[in-house]
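J.: Here the protein sequences come in this chain order: V and Y.
Residues in the first sequence are numbered consecutively from 1, following my numbering.
Residues in the second sequence are numbered consecutively from 1, following my numbering.
All clues stand as given, with none of them false.
Far from chain Y, some chain V residues (derived; all Cβ distances over 10 angstroms): (1) 45; (2) 48; (3) 52; (4) 67; (5) 89; (6) 108; (7) 117; (8) 123; (9) 128.
Capping the alpha-carbon separation at 30 angstroms, the derived lysine-lysine pairs in DSBU-like fashion look like this: (10) 47(Y) / 141(V); (11) 4(Y) / 34(Y); (12) 203(V) / 34(Y); (13) 34(Y) / 132(Y); (14) 141(V) / 44(V); (15) 141(V) / 203(V); (16) 141(V) / 34(Y); (17) 47(Y) / 132(Y); (18) 4(Y) / 47(Y); (19) 47(Y) / 34(Y); (20) 203(V) / 44(V); (21) 44(V) / 34(Y); (22) 132(Y) / 141(V); (23) 44(V) / 132(Y); (24) 4(Y) / 132(Y).
Hint data in this document are derived by calculation from the structure and do not stem from the laboratory.
Please read these numbers as outputs of a predicted model, since none were measured by experiment.
The beta carbon of each residue, even a glycine, is placed where N, CA and C say it ideally should be.
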Amino acid sequence: MASNVVSAMSRGIAGCHTCGLAVQMPDNTEVECPRCGAELHYRKHDSINRAWAFLIAAFIMYIPANTEPMMRTTSLGNTSADTIMGGVIYFLSHGDWPLALVIFAASVMLPLLKMIAIAYILILTQRASSERRIERTNLYKIAEILGKWSMLDIFVVGLMAGLVQLGALTTIAPGPACIAFAGVVILTMFAEMAFDPKLIWDKME
Amino acid sequence: MDQKQIRFVCHECDALQMVPAVEPGHDANCIRCKSRLFRNPRGGIDKPLAFLIASMFMFVIANVMPIMTLTIVGVKLRTTITGAAYIFYQQGSPELAAIVWLPSVFIPGVIILSLFYVLFSIRFQMNWRYTKPILVLTGRLLPWGMMDVFMLGILVSIVKLVGLADVVIGTGFYAFAFLVVLYASTIASLETHTLWECLTEQQGSPMEPTNG
Chain V
1 MASNVVSAMS
11 RGIAGCHTCG
21 LAVQMPDNTE
31 VECPRCGAEL
41 HYRKHDSINR
51 AWAFLIAAFI
61 MYIPANTEPM
71 MRTTSLGNTS
81 ADTIMGGVIY
91 FLSHGDWPLA
101 LVIFAASVML
111 PLLKMIAIAY
121 ILILTQRASS
131 ERRIERTNLY
141 KIAEILGKWS
151 MLDIFVVGLM
161 AGLVQLGALT
171 TIAPGPACIA
181 FAGVVILTMF
191 AEMAFDPKLI
201 WDKME
Chain Y
1 MDQKQIRFVC
11 HECDALQMVP
21 AVEPGHDANC
31 IRCKSRLFRN
41 PRGGIDKPLA
51 FLIASMFMFV
61 IANVMPIMTL
71 TIVGVKLRTT
81 ITGAAYIFYQ
91 QGSPELAAIV
101 WLPSVFIPGV
111 IILSLFYVLF
121 SIRFQMNWRY
131 TKPILVLTGR
141 LLPWGMMDVF
151 MLGILVSIVK
161 LVGLADVVIG
171 TGFYAFAFLV
181 VLYASTIASL
191 ETHTLWECLT
201 EQQGSPMEPT
211 NG
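Generate the whole structure from the sequences, applying the supplied hints.
T.: So, in structure tokens, the structure goes:
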């Protein structure tokens with residue numbers, strides 16, 4: 001049954017990326033959606049190159065995000081700097097393993113898995129592979145939904161720095177890893193948005 | 001019951017298909033990649049609108065009341081989310097303050113207001129002028145609203161701060177927790193496809209020729 005399915009592009013129809021309307025495309029390419037006014041195109045423009053660019057930038061940012069300190073705590077003249085893993089180890093050593101697990105999953109594993117997932121999807125798409133198309137589509141959707149949870153640690157630092165700052169004896173300041181980490185999250189979101197999942201299914205007919 | 005079919009292009013795999021009308025509470029799925037094409041949520045537009053109005057009230061409370069009170073060696077500190085972000089800003093990291101404040105306060109606020117404009121306009125057939133561009137804008141903003149992640153962030157911060165200070169949870173915290181649930185319910189009961197269909201019916205936008 002599935003082999004009889006045709007892509008909308010092969011029939012000159014584009015599904016609007018913004019409102020979903022199926023539009024019969026005229027020959028000249030630049031058209032606006034008659035329903036929502038967004039620009040219509042069969043596939044996102046330069047999708048794979050743009051996705052790779054964002055992804056590589058995210059990979060680079062991932063390194064300082066993990067090696068640099070996330071937070072500096074100054075208490076009675078003593079300053080301690082914590083990296084993400086430092087925080088995870090701190091909670092583990094205090095027997096707080098559920099929290100350690102949450103931070104480890106959201107801050108270390110999730111961004112890495114999302115970047116690997118997008119890279120995997122991109123490579124197979126570039127090879128025009130016909131393998132595991134449904135699984136890759138699902139992987140893309142999961143990456144899309146879960147990515148934002150990596151912002152967790154940045155929010156934690158932001159809250160703690162904001163809340164504790166007023167007390168003169170203890171201050172909490174953000175470290176350089178914060179901006180790198182936010183960069184990882186935002187750049188992977190851009191990479192995922194730049195990629196067009198429809199490319200997974202092209203070159204089938 | 002008329003078996004009205006609509007021509008639909010799957011967002012995920014571009015499969016062209018005719019989709020029959022879906023009963024309330026059911027989904028239409030792609031014949032090729034099995035992704036959900038659209039839903040027909042029970043409760044139509046009334047349900048998300050009700051959740052949204054509740055969210056608006058809760059949003060105000062959550063952002064005006066302090067989320068927690070800290071006591072460090074006799075010094076009492078209490079702040080709202082925006083207050084915490086503002087201190088972050090004063091500390092000399094305006095970009096980090098923005099990264100914290102935009103997805104937790106500003107963008108969700110804009111989404112809630114925009115959705116109210118759109119849903120109210122459609123539900124009461126107001127035909128407000130900016131309904132379409134605002135609906136487009138809302139769709140673009142949705143992935144950047146991260147109140148649910150922020151909620152988890154508040155919980156983690158509380159656990160971390162317990163070691164440093166006496167922590168008393170404030171009204172803002174409870175309001176924010178309710179807000180996250182109400183907002184998630186709004187989004188879950190909302191289907192953009194239905195909104196666009198309603199808008200087309202009401203405003204009679206020029207549709208493309210249906211031959212093909």
